[in-house]
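**Student:** Sequences are here, hints too, so could you generate the full structure?
2 protein chains.
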Amino acid sequence: MIVANRTVFFVSDGTGITVEAMGHSLLSQFDKIRFTPVRLPFVDTEEKAREAVARINAQGKADGVRPIVFTTLINPRLAEIVHRIDAFCIAYFETFLAPLEVELGVRSSHTVGRSHGGTSDSSYKHRIDAINYTLGHDDGITDRGLEEAEVVLVGVSRCGKTPTSLYLAMQFGVKVANFPLIPEDFERHQLPGCLEKHRGKLFGLTILPERLAQIREERRPKSRYASLDNCRYEVSEAEKMMRREGIRWLDSSTKSIEEIATTVLQTLRA
Amino acid sequence: MIVANRTVFFVSDGTGITVEAMGHSLLSQFDKIRFTPVRLPFVDTEEKAREAVARINAQGKADGVRPIVFTTLINPRLAEIVHRIDAFCIAYFETFLAPLEVELGVRSSHTVGRSHGGTSDSSYKHRIDAINYTLGHDDGITDRGLEEAEVVLVGVSRCGKTPTSLYLAMQFGVKVANFPLIPEDFERHQLPGCLEKHRGKLFGLTILPERLAQIREERRPKSRYASLDNCRYEVSEAEKMMRREGIRWLDSSTKSIEEIATTVLQTLRA
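Residue numbers (our numbering), protein chains in the order written: chain A, 15 to 284; chain B, 15 to 284.
It is worth saying that the hints were derived from the structure and are not from the lab.
Even glycine gets a Cβ: it sits at the ideal position worked out from N, Cα and C.
Hints may be right or wrong, so weigh each one.
Covered by chain A, per the in silico footprint, the following chain B stretches (three or more residues, Cβ under 8 Å) [unchecked claim]: (1) 76 to 90; (2) 176 to 186; (3) 267 to 280.
**Tutor:** Below, the structure is given as structure tokens:
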């Protein structure tokens, strides 16, 4: 039951992606309020700061209740302008930067745009390389260069390997290959041969047959491929194979790609 | 010049992805300290909370200086256990949840795992659909279904269209198609014909010719395709075409995919 509506602003001198994630994690704890999110990224001049203030104040008047505002503003001058708003403000940097300076015994650099690391540093290139590698090793396209992969995902077709692989590459800079387990593998009772040498990197995904049938039905309606019977057969065979081969695996049916990706890394890096 | 080393823990009862992003955004302000990050995700039982405490305390002893710890622990009992550590602790929920409860006039639900929205809600399905759509409309593979795209990126080969497209899909749930601008288009002095109807969604990426040559050289060493002369020609023609066609564009050379994606949405949704 929704008891109130509130407008929420995410104000950042960068992309605002981090402040929005922070805000959502707090706001998702209040399921009785309907929040309308507004992102104000790249507020990096005094003019834009004043525009943001005007927009937030106007929204508060229109709503009849003050907005909720999350900010990550590194430039103290811009923060000062924005924090004159008539709003409930959660100011991340202002709250924690000063105590952190004391703890570390050094002043912060107050520099915008360091959060995503810029494009010149090696970790950014590493991420882009990981994305390209992962795209080039999706769905068993090739078994060349598997020694470069940190993770090799296996599982039946449409169980979530591709989105998980891309998330691992994009978020964590991990090179991922993924291979479908197909009826031919089940008949041979063997993993695809090229995976033998890479056992330590293997991680399996499985899925509820009902969910799988639903996903496949959208792709190929009324096909044998999408039928519940066939999905049950494939999932059961894939799970048997992973158990027999000692491959660690999880059920993707009720997990987000963030949760799956985190679990994969936690398991393989342990 | 690095003046100190500190170990940093990110402790969460969920994936820890948000708390890590938050932590990095603060820590990136201190470039004189070398931070060693350790992620402790899924700390969702009292036993795991006590393990985390033991691990953090042991690290502090080994380092000879207390660790920095960022937490997002929703369960108050687990938070209480973890916050007994001997560390400098930035506790996001504890700091902001209570004042937010007062502002909103309701209690929070103290429920773990809401941040990524679970897999059952429509926005999650929307994101997965966006990823699949975007993969299926990468690099001009097809011009079918373009009416479904919210964004259509154009630019010369290897200027950053694919990673940007995938980031838009994964982070923002936006369906993206992307089309390379190729020498044939420049000779005809026309955009690919299928794009005509979708002008309102077009956004261009460009890149410094020197940077492009470097990227292409890794792909196809010593090719005409990668030569600086050819890269200069293609970039100059692509920019001319985008200018003539009134396509908004930006230079991806020094921007991260987060910055590019945010700018694209800000521009097209304005």
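**Student:** Next step is simple, just say for each hint if it's right about the structure.
**Tutor:** Now the hints, each set against the structure:
1. 76 to 90: holds (count 3)
2. 176 to 186: Per the Cβ count (6), the hint holds.
3. 267 to 280: holds (count 11)
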